[in-house]
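With the hints as constraints, model all of the structure from the sequences given.
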Amino acid sequence: MSLLAVVFELAFVVATMLVTATLVVVGPRRLAAAMRGYRRRLQVCALPLATLVVVLALRWSTVDVFTRLERRVLGTNITPLLFEIEETLLPQNPVVVLQSFQSPELTSFFVFTYIYGYAFLLLFPFIAYFALEEMDDLRTLLLAFTVNYGVGLICYVFFIAYGPRNVDPTIFQGLLYDAFPQSRMLTNEVNQNTNVFPSLHTSLSMTVFFLAWLTREKYPIWTGVAGVLAISVVVSTMYLGIHWFSDVVAGTLLALGSVYVGRHYTARGLLDSTRRYLDARLERLKRAGGFG
Amino acid sequence: MDEGASSSRRRLLAGAGGVAISALAGCSEAFWSRAENTGPEQVELTIKTVPADDDPFAAKILSQLRESCEAAGIDVTHVPSAKADLYREILLERDYDVFVARHPGLDEYDALYGLLHSQFVTERGWQNPFQFSDPTVDELLEAQRADGGDRQESITELVDFLEDTAPYSAIAFPHLVGGARTDVNAPSPPQQPLEYLDLLCREPDDGPRDEPLVVGVAGEDLANRLNPIAVDRNRVYGLLGLLYDPLVRRDRDTGEYIPWLAESVTWTDEDRLQATITLREGVTWHDGTDLTTDDVDFTVRFLGDTALGSVDGSIPAPRFRSRQTLVSEVQTIDSRTVTITFGDTVGDSAAKPTRDAAVRSLTIPLLPEHVWEPRSEVIAERQTEALVTDNEEPIGSGLFRLDEVTADGVELEPFDEHVFREFPLDRPDALEGFSQYDGLRFRIDPNVGAMVDALENGDIDVTASNVPPERVESIRDGEETTVISSTTDSFYLLGYNLERAPLVNHRFRQILSRLVDREYVVSEFFDGFAEPAMSPRSLLGLADDEHDDGVRSSIAEFPGTDGEVDDERVRTLFEEASYQYEDGTLLD
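Taken in sequence, the protein lines are chains A and B. Residue numbering for the first sequence is 1 to 292, as defined by this note's numbering. Residue numbering for the second sequence is 1 to 588, as defined by this note's numbering.
To be clear, the hints were calculated from the coordinates, so they are not data collected in a lab. The beta-carbon is built from N, C-alpha and C at its ideal position, and this holds for glycine as well. Possibly wrong hints are sitting among the right ones.
Chain B is faced by these chain A residues, among others (derived, beta-carbon under 10 angstroms) [stated by the list, open to error]:
#  : residue
1  : VAL73
2  : ASN77
3  : LEU81
4  : THR170
5  : PRO181
6  : SER183
7  : MET185
8  : THR187
9  : GLN192
10 : ARG268
Here it is in structure tokens:
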């Protein structure tokens, strides 16, 4: 199975899930109405959407530079710290506890959740919030995702952290790649094995869940689905031996922070204040240094 | 400044000082002694190895070592680092206390020279990474290399001495286990260039193929650095050896040396040991440039100093140095004939080396002067372009030329101008029937699981990366696949940084060496596909000879059972070496 085949399968499965969920949760009538007014909706969201796209593009295009910066210049290897904190603070490592319930069915379920469930969880809110009358929730979602990726990117440059499965295979098992080795082709495209702190799987899933909770009156079914799915994704990251409990805690905190920013700030406001700040600094520099 | 405030502050300070002094003066001796001496603290060790993605065996060995150390009251920090990063940290920066890694193997006793001679303490690569220096060892290393003395006796003495000093400890010699499609008739998973060539000479069941042999390898960043003299990289074993030809190749199975780019090697052994080498007619580099004896001379000079004299002292290559230091002079006679004079350029320069050691220097892969000479440019402190280049377009003189590197593979195309392709009659016996395939392709999978699946699907013909025991069964069960394995020279070892306390103490190292249950590691982690290093020779990574076979060294004896260390026993060992315990922690 090649990367292309893996991507194809992922696209097919997730598309099926998205269509089903759209029909059940959003409903064809609401969707049709939204499609008619797509131009206005997109215009309203143009700025936060562009910001997210820029951050994602930056992440993809600079992966080589960032990896080199991380591994050779800025990064600190915090893996032993994560390992020791959990050994000292907790009676038993949560990853070990979860893996003690291991069964083929459970592994299949969590592999499915980790890859397909996660992709669905991230994509569906875009459709759901796009179909609403007001675009506030979509803008919140876009900004919250941007914050997640931005902060994640910064953490990954400063922290070199390997997941449990990579540190000690006699204690922690790498269940994902044992069960579905080809998925590594996919995860390699998205991230390196040194970037586990914080868990972006956790932070993005929890972000979606927190936003689903805030919009529970508009989409009551979705709130339940998002809750179950998000918790499953979070548990799967540990069950599969990919993340430490600490990564999950950090990821949840990041989700809370991102949702707060998403709700209380706007992309325009943040950009404006950044510009004002830079202008002021430049002005002061000009006056002090006398250039210009 | 306000005078009053200042003077009152001064008075206050004087008063406080007076109180402090009188307090100290009246203090008990106990206080003074605590203030003056820092007191013993718990022994701490930072142990590095690769993540399980890169090598699950190394990670498991370290896991056991960590648990044994913790039982012994040592505070261990277990640091995983990707293969290229680990090599940089241990082989270039020497930043570690202990490491667990896989050494590519010692082909000859003389390989110990580079690993342990004090002359290499300041050098990089697998050239004394332990910072070991001992005059007796230097003397013995020089003696085994020199002609005239009793080499075996020097080696026996060296092995005895190193059993006491323990600058590093081998753990186990892993077998290479893999799988192949039954129709390619692979005898073993290929690793050395000659093994690849042997495989390409074997006719598949369905006759010669007009497509490449596909070899499966697994891992990350395997082909993004193709620099033959760099050590900080992950790599496909054998790949660069296929691209870069040496003058002679060593056949690992027979121990014989096969003239390769050299048509003939004539030895003269009077007051100096010399070899007159004639290159084969018409040898060229992959870019069409003629390969001449100037390139031979250049390679030797360049490995000794990649800056080619442009800095004070030299910036030697981190590889091939122990072989290169056997050559004292290269004299080109014409473009095809060269005389090499052997000596010991680090020890006694007048010494005459033994031929067994000297011939190793002819196995160094040749580098083209016109490509590498410009790379002698110094680009940073003690750093030349040659040491950092990725060498994306390697120009060698091997039977294969690099065609393309992609994210999931490396394509090698036949180099049609190679003398062995143009003149099949000149070929050595090892190339009988070469080649049954049109080229060679490495397919890179991100992990072993995906590689094994690709083998079972028929996407690859043979695997070259090690297949762990849990994946072997499915290859064995396959109708069209078969399990193949071979022994290798490589070994897992614990490397000690001898510049750091408490590792400066040989008694401490001897106990540390015992903290891995080698027999348990081999039976449980390797599922029997490895040999434990139990004898004094094998603890150094050397093959056992007839005297040594079955001898067990005391520093390979595990103080416990089934991989589980006996707390009491290990603590007694440390106490016998005059270490002390407080509340269960080992003090330095």
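The hints, checked one at a time:
| no. | hint | result |
| --- | --- | --- |
| 1 | VAL73 | violated (12 angstroms) |
| 2 | ASN77 | holds (6 angstroms) |
| 3 | LEU81 | holds (9 angstroms) |
| 4 | THR170 | holds (5 angstroms) |
| 5 | PRO181 | holds (3 angstroms) |
| 6 | SER183 | holds (9 angstroms) |
| 7 | MET185 | holds (6 angstroms) |
| 8 | THR187 | holds (8 angstroms) |
| 9 | GLN192 | holds (9 angstroms) |
| 10 | ARG268 | violated (39 angstroms) |
This entry does not satisfy hints 1 and 10, going by the numbered hints stated previously.
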